[in-house]
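Visitor: One-letter residues, chain by chain:
Number of protein chains: 2
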Amino acid sequence: MSEGVFEEFDPVPDADAGVSVGPDYFIEKDGERYAGGHLLVDFWGASNLTDPEAIVNALKAAATAANATILHSYMHQFGEGGGVSGVVVLAESHISIHTWPERDFAAIDVFMCGKCNPHQSLPILMETFQPQTVDLSEQRRGRVK
Amino acid sequence: MSEGVFEEFDPVPDADAGVSVGPDYFIEKDGERYAGGHLLVDFWGASNLTDPEAIVNALKAAATAANATILHSYMHQFGEGGGVSGVVVLAESHISIHTWPERDFAAIDVFMCGKCNPHQSLPILMETFQPQTVDLSEQRRGRVK
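Protein sequences appear in the order of chains A and B.
In this text, residue positions in the first sequence follow this note's numbering: the first is -11, and each later residue adds one.
In this text, residue positions in the second sequence follow this note's numbering: the first is -11, and each later residue adds one.
Treat the hints as calculated values from the structure; they're not laboratory data.
Mixed in with the good hints there might be a few duds.
One copy or two, either will do: identical chains are not told apart, so a pair holds if it fits within one copy or between any two.
As the list claims (entries may be wrong) - Listed next, the in silico DMTMM-like pairs over lysine to aspartate or glutamate satisfying Cα-Cα at most 25 Å (straight line):
1. Lys103 - Asp18
2. Lys17 - Glu90
3. Lys17 - Glu115
4. Lys103 - Asp92
5. Lys103 - Asp12
6. Lys133 - Asp92
7. Lys17 - Glu126
8. Lys48 - Asp92
9. Lys133 - Glu41
10. Lys17 - Asp92
11. Lys17 - Asp123
12. Lys17 - Asp39
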């Protein structure tokens, strides 16, 4: 990924500004109460999509960067040199990845509850997979209405 | 969940109508090419949120209902009687769940690629967790632009 894209794309838009966390780990932010932020991250023009050990290590590092607690990890590879499917399960939810090396594409999701900010996982994921373009969306899960 | 809610909520809106799948397992539907459908499912007023074995079995049954292939499963419980966090990793992507029994809330996501339709997992999840209300959103992952 070019540095230009890094400059345009701010993976940690507001860090922990204005966030408070209740005893049930639900978040209070911007006048809304919800369980956590769920990022759906599509990486195109991505690299390093076929090494299951490197990928699981990247997901663990991405979790740790957001101060999440890792409970379990698993990574499956679809034949030598093929794509992978896997997950890191966290005390605060999960990070998953599915890669299509034949399309230079990876579909990642980062769901984190409580005081963890899933945006803080993105720099390590971007550094690892070097995407040329990123489609990112965020949903607040468990919004109390 | 009441039968009334079941009647209002159609978990399998269009099944496999108009879907074709390429050799890279990307889907062609409605003139769009994409990797798969990713459902974010919030269950409120839900039951049966604390038995890890029953929950992992429900997730496996939900995967099988969509003709997905299970690669791996994992379920962690946060203390006896507490919530769970876990995942079933599929050849076609994954189903994850995180439960907050103290709020009668479960956050589930169902991501399935290729010919599997994630909506076909929903009836079993709804039957298992009996939600009073459902917040459902779907994103098409890996949309080719």
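Visitor: Hint by hint, which ones does this structure get wrong, listed from lowest number up?
Guide: Going through the list in order, the structure violates hints 3, 9 and 12 and respects the others.
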